[in-house]
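Student: Okay, here's what each chain looks like letter by letter:
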Amino acid sequence: MKKCRQCNVWVNTNADFCPLCNEMLVVVDERESAPLYPVISEPKKEGRKLNFLAKIFLFVSILASITSLVVNIAVWNGVFWSLPVIGGIIIAWLLVGLPLMGGLNLNYMLISQMAGVQLYLILIDAVFGAKGWAVTYVNPFLYIAVAITISLFVILYRVEWRDYLITLVLMAVIGICPLLNILFQWANVLWPNMVFGLLVFSPDKLKKEIRKRLHL
Amino acid sequence: MYMETVHNEDTWYKLDTAAKLYPAILSPKQASVFRLSCILKEPVDPEILQTALTVTIRRYPSFNVRLKRGIFWFYFEMNEKLPVVRPESVYPCQLIDPKENNDFLFQVSWFESRINLEIFHGIADGSGGIEFLKTLVYYYLLLQGKNIQTLGMILTLETKVDPEETENSFHRYYDPLFQTSRAEEKAYHFSGSALPQHQLRLIHGLIPVEELLNKARAYQTTVTEYLTAVLIKAFFIADGGKGDPDEIVKISVPINLRKLFPSKTVRNFSFYVNVGERFKNKQNGFDSLLSTVREQMKDQMQKDKISSRMNPNVSLEKNAAIQVVPLDIKQALIKQVHRIIGDDLFTCSLSNLGVVSIPETMSSYISRFDFSLSISERIPLNCSVCSSNGIVSFTFSSSLKETSVEQAFFRLLAADQLPVTIESNQG
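Chains Z and S supply the protein sequences, listed in that same order. Under our numbering, the first residue of the first sequence is numbered 169, with each subsequent residue one higher. Under our numbering, the first residue of the second sequence is numbered 37, with each subsequent residue one higher.
In case anyone wonders, no lab produced these hints; they're calculated from the structure. There may be inaccurate statements among the hints.
Take a look, some chain S residues computed to stay more than 10 Å from chain Z by CB distance [stated by the list, open to error]:
1) Leu-238
2) Gly-277
3) Gln-359
4) Val-373
5) His-374
6) Thr-397
7) Ser-460
Rough simulated footprint, nothing fancy, chain Z against chain S, three-plus residues with beta-carbon under 8 Å [what the hints assert, rightly or not]:
8) 119–125
9) 436–448
Note that the coordinates shown come from a computational prediction; the quantities given were computed from them, not determined experimentally. Where is the CB? At the ideal position from N, CA and C, for every residue including glycine.
Please work from the sequences and hints to get the whole structure.
Tutor: This is the structure:
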């Protein structure tokens, strides 16, 4: 135990100076005090390294986008080919960058990737002749792929199904849209998707989940 | 010892009225985390502590949760993982990242002979948290083979979870007819040079309970009133005469509503009163300051006044137009409103948890309890108090390099013939 004559208080410390006024302490009792708190090491800087790499990639991405846009306009040949290039870079960020950065919930990640890829395919379709193949062929398969990915993830990693239930239901609902558009032409491909989403989980649990999410 | 748990994976809770604020204003600079510590007389055995925690969590369903986003509000749902104890390795009261914490919103750590329980304010207030810590320490000592009894002072698995323990008591005592505005004058804010981010300095002051009680009696006042007056005076001194004479130093004193409105809830059920004095009145002396504090406390602590100030929160929450606003927009609005007025109304908190009552058979294994608060950008300094085993423990948490308020506060107590022992987490 030590004493600070300035503050007129006892100080339980191994340090030589008063925590209140920084004056020299007077030793009253020679015994060492047990340490009261751990010595805190500086936080690790792993996160910053990744950030630095990400910044370089971001810079390269922006540079490439601007370059292709400028070249496309300067040497105009009737096709806006730079848009798919820029879109491709964005999609690459979405597909590779997003999982690498981590922290994002699988639901949000898959849904944003799905939306991004869809938009990108529609864009390519529009730039190169608007034949409608993206909407007709690719999108329905995308929904199925996302639904299967989530289902597999839930089964393989034994994560809690509750977290992914709503996304699966959402996929099933989105899955109906092309179904309506093409009037049952794609029913064979789409039905498994819908049935999957709704049957695996009992309607009772679904009801409870929806009540939680929507409570006022 | 085993009992049927009253909760299962389908149990979920709405956030209580006070808790609704915290997720919106959350940031590394405003963690809304408080720490309750129990200092034992022997070094902590981490394995026994882990077992004790695994048992304790079964008794507190409202702690066994994770925060989830709904469309309109956040909610808590049962967490099926297990909370894990860890050695203390970061500064106190830092942001709790659920992802690194098995989704839990509280954390148990240990250092030497101290057990720390850090809690995100969204799940409980100090009075709720201390119940959890008492149960944890009880099971820890029991598992160590100590001969201890609860004497009805500890919630254990033998006592069933009362539904009242997880209720939102703000709703039970809500009366839409009693409402007043809470607009009040902005308070003086203390500032200085900041410590590096993520650092928090704790300075504890220890005083024997009897001596402090006698001092308060000598002034014919309560302990909280006496301490509030000393703290205001400490700000007068620490400011060094720079303060605008018309500015007002206001201390926010949290009130445990359970004492006014009976409730067993271990979630949030506290409110606050703001008590203050202007710089220009600092020459009037301590007795005048003390009587100002006493009058303001007496006036604001009336049950009706507190009720009419807390009811507006509930009516906002129940307002249909607000309810249907999507969560993200609601969050952004709360954040803005809090940024504009939230921390403006007070200079510093003085949170007195009161006596931590433990059965006598347990107290021979325990040195004392400590209670610490986190800070925010506008409020870089907070003070908290609790007493146990005959010791009153003060804790100043601060993100400033300057120790002038702490110094003035403890020098004032020492000058009032109170024996003060100081401990700190720095040096």
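Student: Is Gly-277/S truly not at the interface, in the sense that its beta carbon sits beyond 10 Å from all beta carbons of chain Z?
Tutor: 19 Å, holds
Student: A cut-off of 10 Å on Cβ-Cβ distance, and Leu-238/S was said to be off the interface with chain Z. Does that hold?
Tutor: 8 Å, violated
Student: Regarding the assertion that Val-373/S does not contact chain Z, is the least Cβ-Cβ distance greater than 10 Å?
Tutor: 20 Å, holds
Student: Check whether three or more residues of the region 436–448 of chain S sit with their beta carbon closer than 8 Å to a beta carbon of chain Z.
Tutor: holds (count 5)
Student: Can you tell me if the region 119–125 of chain S counts as covered by chain Z, using C-beta to C-beta distances under 8 Å and a minimum of three residues?
Tutor: With 3 residues closer than 8 Å to chain Z, the region 119–125 of chain S meets the three-residue bar; holds.
Student: Beyond 10 Å from every Cβ of chain Z: is that where the Cβ of Gln-359/S lies?
Tutor: 4 Å, violated
Student: Minimum C-beta separation from Thr-397/S to chain Z exceeding 10 Å: can you confirm that?
Tutor: 25 Å, holds
Student: For His-374/S, is the shortest beta carbon distance to chain Z beyond 10 Å?
Tutor: 22 Å, holds
Student: With 10 Å as the threshold, tell me whether Ser-460/S passes as away from chain Z on beta-carbon distances.
Tutor: Given a closest Cβ separation of 4 Å, the condition is violated.
Going through the hint list in order, the structure does not satisfy hints 1, 3, 7.
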